[in-house]
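As given, the protein sequences belong to chains A and B, one line each in that order. Note that the working numbering gives residue 19 to position 19 of the first sequence, counting from 1, and the numbers run on in steps of one. Note that the working numbering gives residue 68 to position 68 of the second sequence, counting from 1, and the numbers run on in steps of one.
Keep in mind that the hints were calculated from the coordinates and are not lab data. Incorrect hints may appear among the rest.
[Claimed, not checked] Derived BS3-like pairs: lysine-lysine, alpha-carbon spacing no greater than 27 Å straight-line: (1) Lys26/A to Lys56/A; (2) Lys26/A to Lys14/B; (3) Lys55/B to Lys66/B; (4) Lys41/B to Lys70/A; (5) Lys66/B to Lys14/B; (6) Lys26/A to Lys69/A.
[Stated by the list, open to error] Covered by chain A, according to a simulated footprint, are these stretches of chain B (three or more residues, beta-carbon under 8 Å): (7) 44-57; (8) 98-112.
[Unchecked claim] Derived CB-CB ranges, DEER-like: (9) Arg50/A to Lys41/B: 23 to 33 Å; (10) Ser15/B to Asp66/A: 43 to 53 Å; (11) Gly95/A to Gln29/B: 32 to 42 Å; (12) Ser73/A to Tyr102/B: 15 to 25 Å; (13) Asp66/A to Thr115/B: 44 to 54 Å; (14) Gly61/B to Asn22/A: 37 to 47 Å; (15) Arg50/A to Glu22/B: 47 to 57 Å; (16) Asn18/A to Ser54/B: 41 to 51 Å; (17) His85/B to Ser58/A: 38 to 48 Å.
Even glycine gets a Cβ: it sits at the ideal position worked out from N, Cα and C.
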Amino acid sequence: SQQGEEDPQALSIQEGENATMNCSYKTSINNLQWYRQNSGRGLVHLILIRSNEREKHSGRLRVTLDTSKKSSSLLITASRAADTASYFCATMDTGRRALTFGSGTRLQVQP
Amino acid sequence: GAVVSQHPSWVICKSGTSVKIECRSLDFQATTMFWYRQFPKQSLMLMATSNEGSKATYEQGVEKDKFLINHASLTLSTLTVTSAHPEDSSFYICSASTWDGYEQYFGPGTRLTVT
Numbered sequence: 001s002q003q004g005e006e007d008p009q010a011l012s013i014q015e016g017e018n019a020t021m022n023c024s025y026k027t028s029i030n031n032l033q034w035y036r037q038n039s040g041r042g043l044v045h046l047i048l049i050r051s052n053e054r055e056k057h058s059g060r061l062r063v064t065l066d067t068s069k070k071s072s073s074l075l076i077t078a079s080r081a082a083d084t085a086s087y088f089c090a091t092m093d094t095g096r097r098a099l100t101f102g103s104g105t106r107l108q109v110q111p
Numbered sequence: 001g002a003v004v005s006q007h008p009s010w011v012i013c014k015s016g017t018s019v020k021i022e023c024r025s026l027d028f029q030a031t032t033m034f035w036y037r038q039f040p041k042q043s044l045m046l047m048a049t050s051n052e053g054s055k056a057t058y059e060q061g062v063e064k065d066k067f068l069i070n071h072a073s074l075t076l077s078t079l080t081v082t083s084a085h086p087e088d089s090s091f092y093i094c095s096a097s098t099w100d101g102y103e104q105y106f107g108p109g110t111r112l113t114v115t
């Protein structure tokens, strides 16, 4: 299955700064989800935004979705060293339950 | 809640042998399980979708005779890599969802190294 693109591929920031990651996709979706993966580990679900939603918040996370542009962004505010991980967007296409993952953004938060 | 386990967490096998990986949903009934593969520094690629009691649906390019998937119960799916070769070395991750859920719960992954 084709994957979406994420940018940047890698991001290095200082603790306390905000981190923004972008995701673009190509299909008609039911929802878009963001996951975090620590090196060599499984995935942790962060947030799900439905196709009829434009913005969603969860703690320090803010996700936006623009279905007309087929894009989403994940903002992590007041980043911490523990936020260091790879972040993936994943789309659930209309009529399908499987997820299509983006290419991922490797975030490094310097203490 | 919503915990998914995988066993083993890592395995090393010789070329030509078969390896079985188990994926279990510990506290919920998983009507659908998914198997993904992740090569180093790459994203996850869906290999197959399995519904309990049915044959798995494989993604294009994934050999169903090489990657045997069984989903015999609502809490267990297995992936068997048959006649493994070094190019099959990868991180295999399963996920599970309920019949009405959009969220997938991921296992911790299994790192397979074929020598």
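**Request:** Return holds or violated for the Cβ distance of aspartate 66/A and threonine 115/B against the range 44 to 54 Å.
**Result:** Holds: the Cβ-Cβ distance is about 47 Å, inside 44 to 54 Å.
**Message:** Range first: 47 to 57 Å. Now tell me if the beta carbons of arginine 50/A and glutamate 22/B are that far apart.
**Reply:** violated, 32 Å
**Prompt:** Is the hinted range of 38 to 48 Å satisfied by the C-beta distance from histidine 85/B to serine 58/A?
**Reply:** holds, 42 Å
**Asked** Does lysine 26/A pair with lysine 14/B here, judged by a C-alpha cut-off of 27 Å?
**Response** Violated - the C-alpha atoms of lysine 14/B and lysine 26/A are around 40 Å apart, more than 27 Å.
**Request:** Please test the hint of 43 to 53 Å on the beta carbon pair from serine 15/B and aspartate 66/A.
**Result:** holds, 47 Å
**Message:** Run the distance test for lysine 41/B versus lysine 70/A: straight-line Cα separation, threshold 27 Å.
**Reply:** Roughly 25 Å separates the two Cα atoms, so the pair holds.
**Asked** Is 37 to 47 Å right for how far apart the beta carbons of glycine 61/B and asparagine 22/A are?
**Response** Given a distance of about 28 Å, which is not inside 37 to 47 Å, the answer is violated.
**Item:** Restraint check for lysine 26/A with lysine 69/A, where alpha carbons must lie at most 27 Å apart
**Value:** holds, 9 Å
**Prompt:** Lying within 32 to 42 Å: is that true of the beta-carbon distance glycine 95/A to glutamine 29/B?
**Reply:** At 23 Å between Cβs, range violated.
**Prompt:** Measuring from beta carbon to beta carbon, are arginine 50/A and lysine 41/B in 23 to 33 Å?
**Reply:** holds, 31 Å
**Request:** Measure nothing beyond the straight line between the CA atoms of lysine 55/B and lysine 66/B; if it is 27 Å or shorter, mark the hint as holding.
**Result:** At roughly 15 Å apart (the allowed maximum being 27 Å), lysine 66/B and lysine 55/B satisfy the hint.
**Item:** Coverage criterion applied to the region 44-57 of chain B (partner chain A; beta-carbon cut 8 Å; 3 residues)
**Value:** This one holds; 4 residues, not fewer than the three required, reach chain A with a Cβ under 8 Å.
The structure shown violates the earlier hints numbered 2, 11, 14 and 15.
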